[in-house]
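Note that the protein sequences, when read in sequence, are chains A and B. Quick note: the first sequence uses my numbering, first residue 1, plus one each step. Quick note: the second sequence uses my numbering, first residue 1, plus one each step.
Warning: the hint list may mix true and false statements.
[As the list claims (entries may be wrong)] Which bits of chain B does chain A cover? Going by a derived footprint, with three or more residues having C-beta under 8 Å, they are:
id, segment
1, 94-107
2, 366-374
3, 383-397
None of these hints come from the bench; they were simulated from the model. For glycine and all other residues, C-beta sits at the position ideal for the given N, C-alpha and C.
For reference, the chains in residue letters:
There are 2 protein chains.
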Amino acid sequence: MDTDPPLQLRVFDLNCWAIRYLSKLRQERIGLIGDTLSQEGFDLALLQEVWSERDYCELKQKLTAPYPYSHYFKSGVIGSGLCVFSRYPILDTFLYQYSLNGYPYMLQHGDWFCGKAVGLLVIKICGIMCHVYVTHLHAEYCRDKDAYLPHRVVQAWELAQFIQHTSKGADVVLLGGDLNMHPGDVGIRLLRDWTGLRDSFADTERFEGCEDGCTLVPANCFTVKEELQPFPLGIRIDYILYKGLSHFVVKCDSLVTTTGTAPGKSIPYSDHEAVTATLCVKRREEAKASSGSAVEPGLVDVVNEARTEVRVGLHAAEHQRYSNGRMAILALLLLLLQAAMGLSSLVGWDSPQPFPKFSFSLLSLLATVVLLLSMVLYVFHTIEVRMLQGTEEQMRLALQALQDKLSSM
Amino acid sequence: MDTDPPLQLRVFDLNCWAIRYLSKLRQERIGLIGDTLSQEGFDLALLQEVWSERDYCELKQKLTAPYPYSHYFKSGVIGSGLCVFSRYPILDTFLYQYSLNGYPYMLQHGDWFCGKAVGLLVIKICGIMCHVYVTHLHAEYCRDKDAYLPHRVVQAWELAQFIQHTSKGADVVLLGGDLNMHPGDVGIRLLRDWTGLRDSFADTERFEGCEDGCTLVPANCFTVKEELQPFPLGIRIDYILYKGLSHFVVKCDSLVTTTGTAPGKSIPYSDHEAVTATLCVKRREEAKASSGSAVEPGLVDVVNEARTEVRVGLHAAEHQRYSNGRMAILALLLLLLQAAMGLSSLVGWDSPQPFPKFSFSLLSLLATVVLLLSMVLYVFHTIEVRMLQGTEEQMRLALQALQDKLSSM
Numbered sequence: 001m002d003t004d005p006p007l008q009l010r011v012f013d014l015n016c017w018a019i020r021y022l023s024k025l026r027q028e029r030i031g032l033i034g035d036t037l038s039q040e041g042f043d044l045a046l047l048q049e050v051w052s053e054r055d056y057c058e059l060k061q062k063l064t065a066p067y068p069y070s071h072y073f074k075s076g077v078i079g080s081g082l083c084v085f086s087r088y089p090i091l092d093t094f095l096y097q098y099s100l101n102g103y104p105y106m107l108q109h110g111d112w113f114c115g116k117a118v119g120l121l122v123i124k125i126c127g128i129m130c131h132v133y134v135t136h137l138h139a140e141y142c143r144d145k146d147a148y149l150p151h152r153v154v155q156a157w158e159l160a161q162f163i164q165h166t167s168k169g170a171d172v173v174l175l176g177g178d179l180n181m182h183p184g185d186v187g188i189r190l191l192r193d194w195t196g197l198r199d200s201f202a203d204t205e206r207f208e209g210c211e212d213g214c215t216l217v218p219a220n221c222f223t224v225k226e227e228l229q230p231f232p233l234g235i236r237i238d239y240i241l242y243k244g245l246s247h248f249v250v251k252c253d254s255l256v257t258t259t260g261t262a263p264g265k266s267i268p269y270s271d272h273e274a275v276t277a278t279l280c281v282k283r284r285e286e287a288k289a290s291s292g293s294a295v296e297p298g299l300v301d302v303v304n305e306a307r308t309e310v311r312v313g314l315h316a317a318e319h320q321r322y323s324n325g326r327m328a329i330l331a332l333l334l335l336l337l338q339a340a341m342g343l344s345s346l347v348g349w350d351s352p353q354p355f356p357k358f359s360f361s362l363l364s365l366l367a368t369v370v371l372l373l374s375m376v377l378y379v380f381h382t383i384e385v386r387m388l389q390g391t392e393e394q395m396r397l398a399l400q401a402l403q404d405k406l407s408s409m
Numbered sequence: 001m002d003t004d005p006p007l008q009l010r011v012f013d014l015n016c017w018a019i020r021y022l023s024k025l026r027q028e029r030i031g032l033i034g035d036t037l038s039q040e041g042f043d044l045a046l047l048q049e050v051w052s053e054r055d056y057c058e059l060k061q062k063l064t065a066p067y068p069y070s071h072y073f074k075s076g077v078i079g080s081g082l083c084v085f086s087r088y089p090i091l092d093t094f095l096y097q098y099s100l101n102g103y104p105y106m107l108q109h110g111d112w113f114c115g116k117a118v119g120l121l122v123i124k125i126c127g128i129m130c131h132v133y134v135t136h137l138h139a140e141y142c143r144d145k146d147a148y149l150p151h152r153v154v155q156a157w158e159l160a161q162f163i164q165h166t167s168k169g170a171d172v173v174l175l176g177g178d179l180n181m182h183p184g185d186v187g188i189r190l191l192r193d194w195t196g197l198r199d200s201f202a203d204t205e206r207f208e209g210c211e212d213g214c215t216l217v218p219a220n221c222f223t224v225k226e227e228l229q230p231f232p233l234g235i236r237i238d239y240i241l242y243k244g245l246s247h248f249v250v251k252c253d254s255l256v257t258t259t260g261t262a263p264g265k266s267i268p269y270s271d272h273e274a275v276t277a278t279l280c281v282k283r284r285e286e287a288k289a290s291s292g293s294a295v296e297p298g299l300v301d302v303v304n305e306a307r308t309e310v311r312v313g314l315h316a317a318e319h320q321r322y323s324n325g326r327m328a329i330l331a332l333l334l335l336l337l338q339a340a341m342g343l344s345s346l347v348g349w350d351s352p353q354p355f356p357k358f359s360f361s362l363l364s365l366l367a368t369v370v371l372l373l374s375m376v377l378y379v380f381h382t383i384e385v386r387m388l389q390g391t392e393e394q395m396r397l398a399l400q401a402l403q404d405k406l407s408s409m
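Only chain A is shown next, with the shape it has when bound in the complex (with noise of 0.2 Å):
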């Protein structure tokens, strides 16, 4: 068995920017995406931000020879965007929706209105089982201040709790997407530690693109050039990660980003840019001890930052709880006052000089708004607060047996 010649497994990245009558020269870049797919004829294509499905179905019309395989995960009120390509069948699938994802008050944002997602393709490759997994995470608009932080950590910990959950099976384990992480952030490297996925950039062999692996770059004639100021050569928030698990090693043979332009044409692809990795996966001599019973020593560390973070954002939550608490009380009051004063005017006991007709029904109108979405915005907060608190339950759960096994070694 040994002698299995390896597998070699070339899987194409990107981050589509495909929002219908928003996102620039739409059209173009999805045929342009499809041209390439089909012409390249990769192992694996895991897309995201195709919120269209008419986009998808164009996509699978087009790739039907090269790809016969093919699938999109549905979340949220415009869908996840996720979607994948493949040339091998796929076998099953499973979709695991972050438990938060912004607010849907934070329209200019939208991603509450994507149902972030990780989902998983199980698919069999010349007889090696391949979980494949393709996420995005919340974006990261103000790094400085960046008030989704404690939302990307949480649904970093929920990626890499649901990896190792739903892995166990697998040979071989994959997992691209934008991440709307650099790489040195905590959420990134939590996953990485607790999953112990490996990076392609990181690990590869040859590499050819853009400087550091970036892949939202200022070359990029798509991209908001304000926003990489800080960053000169661009920042590095699409990756593609993998391990091989018991039988199986796997290794990055080249790594390839786009830079700026789509190969041999004036526009790129998107406003990121593409990744293309060549994974050789190889049986291995002697199966390997199952991860679970290695611990990185960094790993308390990591999980000890994260829930730091956690707990910030469980402040925030309870003090926007908190005031969408008090908004609906003051709402609920002045009704209460209005309804009084009406009916004291109905009974006769009009005051000498009545409040205006006109300005009391505009002000109750007011009130009603006001007390509807307190009242909706605190019930959201409260769910906030529930799944920040289990989360930071889990997170002391997992370090406490982090330390017991440390101290076991």
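Based on the hints, put chain B in the right spot on chain A.
Relative to chain A, chain B alone:
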């Protein structure tokens, strides 16, 4: 190794019906449950509907000695109500929230606010890796016209998928909880056939308790007798299911339910009967092939039946979404009309008989509230439609994979 003595596991399962201010004799019953758990010294106690964390803390404090390990799963607005007490260390936990769980506006039912979920606990017992699942599915309020059936079928499908995907590394799988499904319902058949889990009532060697293993019986003083009228013996909706994987085989030696009151007491633990299973876990001489390779012949029919229910739910959800969209448009039109009338009166184009200002304002208040609510509900039902479409698509893929497997057998 085959000479290892078999492991005996005593598992207790109970829906505690512990809603603060609403459930009768809550504090007495929680005290009683704590006393029983303490005296009996089960290996695992899987509890549902412990809605108040104060009740959980009270139980935890009382049970520290016999059950040093415990976990409460937080989710939704009021918590998932799920908790577990264990004699053995809990190594890891993971929560999966069902994507569909009723409607927030059905306040009288309230399931939506609980964030119904399945909790996974990884527990190592005498070297045997046990994956313990505890869950509580959406209630059935009217069996003849069950508006929640599609949601419950989706929950059963997600539960089955979650168990299948997360139990690959387990030796023993245990599921306990209030599934809110009768033994012959499509959801429970789907769950059992998809996962290969065995029903402790159907397979037990000795049974003691209510006839047919019922767990909601007229003899219980807290049950609503009218609801049980079509079922004179009661109904069975609380289950302990199990299976052994690879090297292990699990049998149910005995199953006991309470019969309307707690043993030796005048009141019951809850409106549900408690279920206690004594399981025997034995090492198998030869490892069994992974259950993934065997296909139950009736599974295709069950998945088809479930898919039909999901489709029915999809039509209903699409209709709801359409109604809410239409209502939002009407409210918006009314508001625009009022704005135009208001503007026209401001610029002096007053009609000879102006609309009374007070009614005018009341009408705009009503239109604004309707617009807001309809918009929120439109978004909510759009998410519902997406999730039902996604599940339907997943089931289609599963059917295809099943048929491929069956044809290759």
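**Request:** Tell me if chain A covers the segment 94-107 of chain B under the three-residue, 8 Å CB rule, please?
**Result:** holds (count 6)
**Given coverage of the segment 366-374 of chain B by chain A, checked by CB-CB distance under 8 Å (3 or more)** = holds (count 4)
**Asked** Are at least 3 residues of the segment 383-397 of chain B within less than 8 Å of chain A when you compare beta carbons?
**Response** holds (count 8)
The structure shown violates none of the earlier numbered hints.
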